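Protein chains: 2
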Amino acid sequence: MRDFTPNHEWLSINTATVRQSRGQDLPLTDIIEACARREIQAISPWRDQVAAVGLNTVSKLVKTHGLKLSGYCRGGMFPAATLAGTQAADADNRQAVDEACELNSTCLVLVVGGLPGALAGQAVHKNIGHAREQVFEGIERLLSYAKSCNMPLAIEPLHPMYAADRACINTLEQALDVCDKLDPAHTGALGVALDVYHVWWDPKLQQQIERAGKNRLLAFHVCDWLTPTRDLLNDRGMMGDGVIDIPKIRGWVEAQGFQGYSEVEIFSTLNWWKRDHAEVLDTCISRHRSAV
Amino acid sequence: MRDFTPNHEWLSINTATVRQSRGQDLPLTDIIEACARREIQAISPWRDQVAAVGLNTVSKLVKTHGLKLSGYCRGGMFPAATLAGTQAADADNRQAVDEACELNSTCLVLVVGGLPGALAGQAVHKNIGHAREQVFEGIERLLSYAKSCNMPLAIEPLHPMYAADRACINTLEQALDVCDKLDPAHTGALGVALDVYHVWWDPKLQQQIERAGKNRLLAFHVCDWLTPTRDLLNDRGMMGDGVIDIPKIRGWVEAQGFQGYSEVEIFSTLNWWKRDHAEVLDTCISRHRSAV
Numbered sequence: 015m016r017d018f019t020p021n022h023e024w025l026s027i028n029t030a031t032v033r034q035s036r037g038q039d040l041p042l043t044d045i046i047e048a049c050a051r052r053e054i055q056a057i058s059p060w061r062d063q064v065a066a067v068g069l070n071t072v073s074k075l076v077k078t079h080g081l082k083l084s085g086y087c088r089g090g091m092f093p094a095a096t097l098a099g100t101q102a103a104d105a106d107n108r109q110a111v112d113e114a115c116e117l118n119s120t121c122l123v124l125v126v127g128g129l130p131g132a133l134a135g136q137a138v139h140k141n142i143g144h145a146r147e148q149v150f151e152g153i154e155r156l157l158s159y160a161k162s163c164n165m166p167l168a169i170e171p172l173h174p175m176y177a178a179d180r181a182c183i184n185t186l187e188q189a190l191d192v193c194d195k196l197d198p199a200h201t202g203a204l205g206v207a208l209d210v211y212h213v214w215w216d217p218k219l220q221q222q223i224e225r226a227g228k229n230r231l232l233a234f235h236v237c238d239w240l241t242p243t244r245d246l247l248n249d250r251g252m253m254g255d256g257v258i259d260i261p262k263i264r265g266w267v268e269a270q271g272f273q274g275y276s277e278v279e280i281f282s283t284l285n286w287w288k289r290d291h292a293e294v295l296d297t298c299i300s301r302h303r304s305a306v
Numbered sequence: 015m016r017d018f019t020p021n022h023e024w025l026s027i028n029t030a031t032v033r034q035s036r037g038q039d040l041p042l043t044d045i046i047e048a049c050a051r052r053e054i055q056a057i058s059p060w061r062d063q064v065a066a067v068g069l070n071t072v073s074k075l076v077k078t079h080g081l082k083l084s085g086y087c088r089g090g091m092f093p094a095a096t097l098a099g100t101q102a103a104d105a106d107n108r109q110a111v112d113e114a115c116e117l118n119s120t121c122l123v124l125v126v127g128g129l130p131g132a133l134a135g136q137a138v139h140k141n142i143g144h145a146r147e148q149v150f151e152g153i154e155r156l157l158s159y160a161k162s163c164n165m166p167l168a169i170e171p172l173h174p175m176y177a178a179d180r181a182c183i184n185t186l187e188q189a190l191d192v193c194d195k196l197d198p199a200h201t202g203a204l205g206v207a208l209d210v211y212h213v214w215w216d217p218k219l220q221q222q223i224e225r226a227g228k229n230r231l232l233a234f235h236v237c238d239w240l241t242p243t244r245d246l247l248n249d250r251g252m253m254g255d256g257v258i259d260i261p262k263i264r265g266w267v268e269a270q271g272f273q274g275y276s277e278v279e280i281f282s283t284l285n286w287w288k289r290d291h292a293e294v295l296d297t298c299i300s301r302h303r304s305a306v
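Going down the list, the sequences are from chains B and U.
With the working numbering, the residue at position 217 of the first sequence is 231, and numbering never jumps.
With the working numbering, the residue at position 61 of the second sequence is 75, and numbering never jumps.
By construction, these hints were calculated from the structure, which means they are not laboratory data.
If you're wondering where the values come from, they're calculated on a predicted model, not measured in any experiment.
Honestly, I wouldn't trust all of these hints.
Any copy will do: because identical chains look the same in the list, a pair fits if it lies in one copy or spans two.
[To be verified] Straight-line Cα separation of at most 35 angstroms, DSBU-like style, residue types lysine-lysine; simulated pairs:
1. K77 / K288
2. K218 / K195
3. K195 / K228
4. K74 / K218
5. K262 / K288
6. K195 / K288
7. K262 / K74
8. K195 / K262
9. K218 / K262
10. K195 / K74
Model the full structure from these sequences, guided by the hints.
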């Protein structure tokens, strides 16, 4: 297992972590400059943040600073109530692949979606089995396109508390079942993004990380689970402030040969987004060294 | 599958559902009288509610009205940071078995506990594997006592969002693994309480319900998952108001031969506990007939 204590060579910042600074939106260009000043080597930007300042601008800035992308957030949201909805999702996902290619990302992260309408507060139906079928078919279609662009797709199993509205793939086992069917040869074109926040509770976690193996472990995300957690979406903790044994999980992942970045992804309206982004980034660096 | 539309013969009220009426604590004696007036056949009371009015009083009242107990809430909370803590939990759990016997309950429900200290906001350690070992050993000890009293123990797998602070048994599969080890003969002395709120998202749910079989399906709890869910603990929905396909899950459970009560358990500071308990109970009856 790599020693993270001497420096932050393997730290990546998911740009949602500093989406806001003192409660105000922070442009991606400012985020990138702030990361570069701290010699952070990698980021993982969100599409809405990229769109707000322009893909070309981001692409140039990333190259200027020699930043790597540990992932690009995000494709997915496959289930739809209508054929037109499915076609729109497919087109949007192909565009996400194109953007990931332009930014030379390691992979495109997939948050696969849940029950159509649920995210807006009113699910169109309650058939999660059907949503899962639509996810499978959507990944199958996108994989064909992504392979032609050499962009790996990383299915992110989301915590079961997001099953209704954000992602109906909720365990690593379930994600790997999809990988087995769509990429039985373990080519690396399809794998998983493993976020400790979503999977730390899983009694089968170690077993399924071993099942995944190096070729399917495409991304590793860290933050922490707070007790109490006051909001289902935006109360993630800084590494070390919660109950997740992050080094243990990283050890399992690295035992499979994973040598990528530890990407910090914290959504926190209640705490970190209220603070100055400089403090947040500095804390990410120190906690990366002490608690990851 | 039984037809629930004609009446509410198979409705049970978990008394936490009307723990408050118009935001004020409602004594268990009042809850029981209100259930009896509506010809509700069964309840599942909480220990703190029983203690507040006295076990003998509750026992007499239950007998007077001929009420059944679909369960007794709850034993568990096994993991402890000290030997004294473990011994205190054991003693308390044996007392819970005694109370369940006095009230002639169908089973004692076990919410097994999580990381010691986490429920109070500060986990003593982060080793969920160790907590799970302590849970296993605690159930093993309690089972020996419960068998001598003929009181079945029902492990309730809790939603993974409670893994840290309330229960580190988080899937039906995991609960059944414990049952297999501690009661390989499927005697019925150890089984599960299946609450749709905790397990509805699980891609292996149908498979594991079939694995459980009749002898291990000791209780069936219903409520609904709301989108959005505004609080991790106390924002459960009334059946029909959320995204869970309850009849489908009840069908799977009854296909195994389960013929017990559908127990309504709703924690809702934000909605139902603010209303008058009469309205809540009447709504439970109508939704039991239309949405369960």
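Each hint tested on the structure:
1. K77 / K288: within (30 angstroms within a copy, 56 angstroms between copies)
2. K218 / K195: both (20 angstroms within a copy, 17 angstroms between copies)
3. K195 / K228: Classified as both: same-chain Cα gap 18 angstroms, cross-chain 33 angstroms, threshold 35 angstroms.
4. K74 / K218: neither (42 angstroms within a copy, 46 angstroms between copies)
5. K262 / K288: within (30 angstroms within a copy, 44 angstroms between copies)
6. K195 / K288: Neither. Shortest intra-copy (43 angstroms) and inter-copy (49 angstroms) distances fail the 35 angstroms Cα cut-off.
7. K262 / K74: neither (37 angstroms within a copy, 53 angstroms between copies)
8. K195 / K262: Both. Shortest intra-copy (29 angstroms) and inter-copy (27 angstroms) distances satisfy the 35 angstroms Cα cut-off.
9. K218 / K262: both (14 angstroms within a copy, 26 angstroms between copies)
10. K195 / K74: neither (38 angstroms within a copy, 59 angstroms between copies)
Of the numbered hints given earlier, the model fails hints 4, 6, 7 and 10; all others are met.
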